[in-house]
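Q: If you want the building blocks of each chain, they are given just below.
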Amino acid sequence: MLIRSIFTSFLIFSLSLSPELAAENISGLQIMQKMEDTQRATNDASFTRLKLSSCRFGIKNKRIGCAEKPRVKVLESVSINYGVDNKDTKNVSVTIKPASEKGVGMLTYSYDKAGKDNQTWLYLSALGRVKRIAGGNSDEDTEPASLFGSEFTTEDTDTGKLSEYSVNLLGEAVISGRDTWKIEAIPIGNRVKKSRYSRTLHFVDKERYVALRSEMYDRYGKEVKRSIASRVELINNNWVSRSITMMNLVSNRLSNMALVEIYTDLKIDEEFLTQRTLTDTAYREEKLSQLRTQLD
Amino acid sequence: MSSRLSQLLFSALIMWACPSNSEQTESFNQMSSDLTFDEDFLDFDVDEFDEELSSWRDNFVIRVSHQVFGQINSHQVEPIPDLKIPKSASVENHRTGINIRYQNAIAPGWLVQGTWQGRIYWKEDYEYEANNNHVEHEYRVNELFVQKSTQGQSFKLGRQTVVWGETIGNSVLDVINHNEFRDFTIIDVEDTRLNQWMLLWDVFDEAASWSTFINLYPEFNPRPVRGGPFDFDLGYEINTVDRGNDPIFEVGSQWRKSYGASDVSIMAAYLYENQLRYEGSTPFSDKANPIKNDYILVGFSANRAIGKLLLTLDVALKSGVLIDGSSFVGVGSFNTPTDLKKDQVGMSLGFEYGITNYQTVSLGIQLKKMKNERLGLSEDQILPNQGIYGSWLFRYANRLKNDDLELSATLQGNLKGDAALFAGNAAYKINDNWTAGLQILTIHASETSELQYFTNDVRLGAALTYSF
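As you go down the protein sequences, you meet chains A and B in turn. For the first sequence, numbering that gives the first Met the number 0 assigns the number 0 to the initial residue and increments by one for each residue that follows. For the second sequence, numbering that gives the first Met the number 0 assigns the number 0 to the initial residue and increments by one for each residue that follows.
Heads up, some of the hints might be wrong.
Claimed, not checked - Below, in silico cross-link-like pairs of lysine to aspartate or glutamate (EDC-like), each with a Cα-Cα straight-line distance of 16 Å or less: (1) B:Lys-291 with B:Asp-338; (2) A:Lys-96 with B:Asp-431; (3) A:Lys-68 with B:Asp-338.
Derived from the structure by calculation, the hints contain no laboratory data.
With the hints as constraints, model all of the structure from the sequences given.
A: Here you go:
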């Protein structure tokens with residue numbers, strides 16, 4: 000589930016360049032809804048390389064930067080959609096760096112159907128075998144979790160479940176020299192108890208439909224986290240931010256999630272998304288090598 | 000010696016408490032909106048990234064560690080009435096280690112993997128003292144295999160580990176590889192396994208797999224390391240195992256399949272008991288002879304995930320195991336001089352629960368019972384384990400500070416309730432390379448326990464590790 004979330008996080012700030020959304024009379028909810036569809040399309044048959052950098056941050060000359068050497072994790076991830084209406088996802092992800100975590104792999108089957116628990120298997124070389132993880136459906140059952148020890152949580156990167164939010168278009172603003180819509184998302188119902196935020200403000204680029212900035216507020220109205228998106232590029236007809244930085248304003252730490260490479264619409268055998276890929280390194284490397292040839 | 004240990008622990012604590020970079024940062028409650036982000040530290044050059052990931056150095060993972068560990072409670076024990084043995088605080092482990100792991104997909108479908116370890120034992124380490132107070136060193140190959148995988152099969156030849164069973168920590172099916180509990184710095188069975196030279200053949204079919212191994216050179220749990228905490232003066236020497244003229248081997252097969260929220264396995268194997276039994280010295284020899292014993296294993300294992308709860312079950316039926324086996328040389332192995340073979344039923348039950356995304360608790364219980372255990376024994380022959388016996392293990396783990404800090408507590412004991420061991424661990428990732436760890440371990444045992452010699456021991460240790 001974590002891998003799926005990390006993978007889709009690039010898309011939460013990205014929207015398909017769709018003609019119907021180009022009209023001025025759109026609601027925040029419509030924008031969020033379109034994003035859900037875009038996420039599934041971009042998840043399907045994809046190969047991704049992610050770089051997750053975390054550090055304590057500081058400000059110099061009105062520029063935010065790392066105040067220490069960042070901690071870096073590199074992951075390779077492969078996903079396919081399947082099931083009814085292609086709404087379920089199989090994902091396998093393997094840590095490439097740091098050296099101390101190299102080879103740690105996770106296989107996740109995520110189900111769209113409410114009440115059906117996701118399945119996760121973890122391969123740890125210390126255990127010498129694949130271990131099933133009982134985590135339930137982290138979207139629904141548990142509190143938000145950190146993604147690989149970063150400042151991103153499952154709540155920050157989760158998509159869908161729009162009915163659990165009151166989404167309002169508040170107005171317009173200029174962010175980084177670009178015209179944006181200011182959209183407010185307030186958790187309602189059961190989401191209130193599960194959410195760490197009382198509300199989130201998204202500043203969405205009017206032309207490219209990318210949230211250039213998001214601000215998360217706690218129940219006292221204090222801004223506790225802020226994300227900044229950059230390197231917005233058109234990938235497979237979707238505007239995607241290839242760099243998202245999440246700043247934790249309480250701990251003064253930030254994490255940057257860099258989508259170094261993403262390829263979609265690849266030919267991926269469903270067999271690759273099985274436990275064998277976690278344990279059989281020779282098989283995994285051969286299949287990944289075949290995937291890379293599709294990229295060239 | 001204990002003051003030196005304290006100094007090292009204090010140093011580790013200082014490193015733990017201090018951030019790895021002294022550069023000061025501004026503190027702010029509310030950030031200005033016109034700040035921009037400095038992405039200079041990010042690297043988006045894909046070619047450079049590919050090159051970096053395909054570097055030959057990435058085939059190696061090297062870990063260098065330095066460890067100090069010792070018994071800090073001065074007290075005395077009375078293993079037998081009126082025999083009081085004073086135990087003073089002392090360093091037991093003072094060593095530097097290097098572990099090298101190499102993994103390389105040398106060609107499509109081919110993989111070579113190996114791990115090697117080296118150790119240097121410094122002054123105050125028990126290995127140093129056992130080496131006539133000279134610096135001792137050790138080197139060994141832990142793992143070394145070549146693997147060939149095709150579309151539906153995989154062959155792995157070399158020194159490797161095969162793990163069966165679902166219950167973490169004390170599965171009755173985790174018997175393929177032999178173990179070495181060298182001292183108290185490693186108490187988790189996952190860390191004690193020793194690799195063996197084997198051929199492993201896996202066949203994959205969608206959600207199911209067959210895994211078969213053959214081991215043409217079975218190895219046995221090594222005897223306690225000279226000078227180590229489990230090395231007692233038995234009054235006689237122990238011979239090495241006699242393999243005889245006939246080659247000995249082990250072979251086994253496991254079938255595994257996933258059904259929804261469960262994974263199910265069945266397995267069968269012809270094995271040798273990892274723990275040797277020792278025959279006492281005779282008028283013709285003042286050395287004890289190890290006896291190797293073969294047996295048949297039939298097993299079943301399954302898990303079931305229910306929300307945040309994971310249940311595991313392992314069942315092992317062993318035919319022809321020695322009735323007086325014990326992992327303590329000189330305890331069970333000698334006081335019942337019989338080579339009587341029996342059938343044994345074993346079961347491991349596991350409960351793992353994720354309290355939150357960061358906290359987990361688990362409980363594992365292992366139960367064993369010999370079939371007709373008194374049949375063939377005289378009344379004065381006492382077995383080290385009678386009736387239903389086994390062990391339990393409870394673990395709590397918590398990850399804090401963005402996974403930088405990992406805390407864990409392990410409590411384990413036997414079903415007789417005459418001994419319990421508590422271990423607390425803390426590991427702090429200072430950065431991507433450096434990790435500092437602290438460990439505390441206490442033992443409480445009754446007069447009847449095999450661990451009685453270690454009762455009221457308190458061990459404290461620290462380790463600093465650099466990985467690259």
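Q: Any of the earlier hints contradicted here, and which numbers?
A: 3
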